[in-house]
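**Student:** Residues per chain are reported as follows:
Protein chains: 2
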Amino acid sequence: MTPRQAFDPKKHLPLYLVLDPQLCGGALGMVETTRAAIAGGASIVQLRAPEWKKREMCECARALLQITRAAGIPLVIDDHADVALAVDADGLHVGQKDLSPADARAVIGHDRILGLSINCVEEALVIEKGLVDYIGIGPYRATATKKDAGAALGATGLKAIVRAAGMPSVAIGGIKLEHVADVMTTGVDGVAIVSAVCGAPNPEAAARALRTALKATGV
Amino acid sequence: MTPRQAFDPKKHLPLYLVLDPQLCGGALGMVETTRAAIAGGASIVQLRAPEWKKREMCECARALLQITRAAGIPLVIDDHADVALAVDADGLHVGQKDLSPADARAVIGHDRILGLSINCVEEALVIEKGLVDYIGIGPYRATATKKDAGAALGATGLKAIVRAAGMPSVAIGGIKLEHVADVMTTGVDGVAIVSAVCGAPNPEAAARALRTALKATGV
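Keeping their order, the protein sequence lines are chains R and A. Count the first sequence with full-length UniProt numbering and you get residues 1 to 219, in order. Count the second sequence with full-length UniProt numbering and you get residues 1 to 219, in order.
Accuracy of the hints is not assured; some may be wrong.
[Claimed, not checked] Here are the simulated lysine-lysine pairs, DSS-like style, with alpha carbons at most 25 angstroms apart:
| hint | chain 1 | residue 1 | chain 2 | residue 2 |
| --- | --- | --- | --- | --- |
| 1 | A | K53 | R | K129 |
| 2 | R | K97 | A | K53 |
| 3 | A | K97 | R | K97 |
| 4 | R | K11 | R | K159 |
| 5 | R | K53 | A | K129 |
Calculated from the structure, these hints are not laboratory results.
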């Protein structure tokens, strides 16, 4: 198993897979979706399972790491820095109500990736940039997979936040194949995808089509 | 502020306060309940708020630590080892579906207290004793404050688990003042109290009465 790698936004952010336990059909489905999505071109994977207890999350994360490490792709854990430490994941993603970036960084150390969710320009202006490696900006469109997401930003809203933040970013929220070109005009480094891969009949083909669409935008 | 202290089961376990956000009326109520319960004789405090996000939990834990450190009482965080690390709490308490004791110990290090919930003899027989400092055994009675608690153990069930585990323990689950004498016949080192203090009109008086009842049993 290869060790954790240094974060490279241009390499890792283009096709950011966020696993959804329900859409994937549980832990085994998440493992299969990850394998398929990486074969199709996913460049980073986030384990997000807000309803799960941590014992199950650690088990699933360890199974995912077997795949992601072999592929040289980072695995990021949503919310739970303790799970990230326990399984030696590559990084952590926090929202505005999770551990603060300063607390998160103190817990995970300086060698792991730290991502932060941003919903508005005000949040972008107060990001502690020495602490956070990338931001996830959203929702681009209204989304069913994240209960507490704010109002849809669209390309205009995304662009304003990208400019205010001035740091590596991905867009998230209801992004399908047909939105990739529009999203990539905003200056983000990639698209974070949930249902367009996790809910696809063929996740590998879905990821490959997204990757092709990203390539057409110059990424 | 005094530093973290070494865990002393005989000193710390007799009156174990588990804070309940709803019964206490939120974070401020939890701080006030803690202050009052310690004045009345609480010997350890657990912050348990399964519905909360971690930003709020860290804020509350930091406020609680101001009180508990000044009193020389350990503060233990339920479930979230990352919160325990972020705020430098004295310990962590995990259930059977939370981080495994091995993972929890690896994350929090060897200088913090680690507690584990136990519901049956089978779980007691597989405890990794070098890793876990104490166990919480329950429920003694049916309880409304923990949704996923198992069937009531009573004194007979408690005693069987205390014997099987052979390590420091507290009983938990619906324990009121009138149950203390019965519970303490089982060999536990103390009683973990939720509603009998958090839901009391006068938490300090409630804690003091419990402490008096414990003293009558020789603790």
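**Student:** Which hint numbers doesn't this structure obey?
**Tutor:** Result: no hint breaks.
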